[in-house]
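Keeping their order, the protein sequence lines are chains B and U.
Be aware that the first sequence starts at 70, since it is given in our numbering, and climbs by one per residue.
Be aware that the second sequence starts at 70, since it is given in our numbering, and climbs by one per residue.
Worth flagging that the hints you see were computed from the coordinates, not collected in a lab.
Honestly, I wouldn't trust all of these hints.
Note that the list lumps identical chains together, so a pair holds whenever it fits in one copy or between two copies.
[Unchecked claim] Capping the alpha-carbon separation at 27 Å, the derived lysine-lysine pairs in BS3-like fashion look like this:
1) Lys281 x Lys95
2) Lys95 x Lys317
3) Lys250 x Lys107
4) Lys79 x Lys95
Please read these numbers as outputs of a predicted model, since none were measured by experiment.
Number of protein chains: 2
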Amino acid sequence: MEKTAQYIQKIGNDLWLTEDERQNLKISYRVKEVLFSKSSPFQHVMILDSYDFGRMLVLDGVVQTTSIDGHIYNEMISHVPLSIHPNPQKVLIIGGGDCGVAREVCKYPNVKEIDMVEIDELVVKACKEYLPEVSGNLSDPRVNFLFIDGVKYAAEKENEYDVIIVDSSDPVGPAEQLFSKEFYVNLHRALKEDGLMVCQSQSPIFHLDVLKQSYSHLASLFPITKLYTAVVPTYPGGMWSFTIGSNKYENIHVSNFSKETKYVNQDILEGCFKLPEFLQNALIDL
Amino acid sequence: MEKTAQYIQKIGNDLWLTEDERQNLKISYRVKEVLFSKSSPFQHVMILDSYDFGRMLVLDGVVQTTSIDGHIYNEMISHVPLSIHPNPQKVLIIGGGDCGVAREVCKYPNVKEIDMVEIDELVVKACKEYLPEVSGNLSDPRVNFLFIDGVKYAAEKENEYDVIIVDSSDPVGPAEQLFSKEFYVNLHRALKEDGLMVCQSQSPIFHLDVLKQSYSHLASLFPITKLYTAVVPTYPGGMWSFTIGSNKYENIHVSNFSKETKYVNQDILEGCFKLPEFLQNALIDL
Chain B
70 MEKTAQYIQK IGNDLWLTED ERQNLKISYR VKEVLFSKSS PFQHVMILDS
120 YDFGRMLVLD GVVQTTSIDG HIYNEMISHV PLSIHPNPQK VLIIGGGDCG
170 VAREVCKYPN VKEIDMVEID ELVVKACKEY LPEVSGNLSD PRVNFLFIDG
220 VKYAAEKENE YDVIIVDSSD PVGPAEQLFS KEFYVNLHRA LKEDGLMVCQ
270 SQSPIFHLDV LKQSYSHLAS LFPITKLYTA VVPTYPGGMW SFTIGSNKYE
320 NIHVSNFSKE TKYVNQDILE GCFKLPEFLQ NALIDL
Chain U
70 MEKTAQYIQK IGNDLWLTED ERQNLKISYR VKEVLFSKSS PFQHVMILDS
120 YDFGRMLVLD GVVQTTSIDG HIYNEMISHV PLSIHPNPQK VLIIGGGDCG
170 VAREVCKYPN VKEIDMVEID ELVVKACKEY LPEVSGNLSD PRVNFLFIDG
220 VKYAAEKENE YDVIIVDSSD PVGPAEQLFS KEFYVNLHRA LKEDGLMVCQ
270 SQSPIFHLDV LKQSYSHLAS LFPITKLYTA VVPTYPGGMW SFTIGSNKYE
320 NIHVSNFSKE TKYVNQDILE GCFKLPEFLQ NALIDL
């Protein structure tokens, strides 16, 4: 627990985690207990039990996912692309160490293989043991864990996947390359002729530049590019964006969504592409 | 500026506002300058210039609205009801001291009278002078400012308004009564036979109990009750809810929304009623 003290302060009798990666905004969470704290070769990994958000995965001091709202992000980045592709059989997940995306993809019986490429095995271990609300204690035999660099992995694949889901953290540290044009070029090559991909493209409020860059990269590679949003309470700005690049399929083909979910339903699948005025304007000319 | 020091801390060379009204979550905003700080008979009123959110209205140390996202809330609580009522002529706003709702309502030429009942004149004065990005420096002659208790005002009116907008702060302090059943009964009486009302009904994530209570109250009074949501980045949980109680009109009648707005458009008017699964489930049996 050597680096715990860098991130967790004791104030009176209370423990607090303060996220201060942003220069002008600090968010502090009151914490019941530090359940796990260890450094990997890539980053510092903690699982905390918090008062308002339940258990949380914290990487380098920044909250990544929580028991209270982790399902929103994981359901949205999974069920939207899987409701557009009519027959996804082979799925690649890049990142997604909390295992929540893999858990959602496993709800599709027609999916035969799920390659999950996460650079940091320690994140997966910690989430499987201490964050079952998000990871679901994943033991589905279709999931093939590969603890290697997703950027290198993608560069070696061709015409192999129906759907690729890029579940990255913010574009700093280990995830920086997951927002580069070269990476998207490789993903495009790794997809089958009728394949599609989705990536998280950050907050439309605070990272509109990143969003526009991701959208532009995908728009230059795919005939179909679509942006959708969801509300993720623990991410700055509340509103979060996802961008789809697709070779062939464009619309939600599901007419009666019936997976067991807490956030996604038929209304959300259809409504999530309806963008506010400032965001529609931001995409013009990209 | 007697109470400023209670809310604003100097850390090194920087000023910070820390919202700590919640027991387990603190949000701190780096502040450039305190532009206004004064106590009214009802609350402490500040206008701050912040780094990430521009100018902000802060009541009793809690951020109410900001230059960067205040328009989202104000557009959503105004244009949705005014796009459902086919001919709103007389509108009552209760609360709304930042004047942003009145500003949006003024965009409707068929509206002849806007009674704005705000208990705290100091909020209006401060916002008109220091927060023009939100208040719009309102000078429309159709707006009739009444600096009196909205609860008492509503109790004396009958069959008078086409649309009532309740733009309250949180259900603590001066706004507590704006969430009571008795208040809604009075608003129902103050509406014309085909009138409708809307209130902000807090965060579906953190205040689901308040949301359900507001919804139940309105459902017991009106034949039509509808919930919709928007993303308001500076409110806890990001997702915010609004509840409509309507005597007659149910659906958006506008087919080509064209007011000058930054958030609301035709897509948002139609999409905002599409609720996530947990929220649809929460409203069953209310």
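Legend entry - Hint numbers contradicted by this structure: 2 and 3
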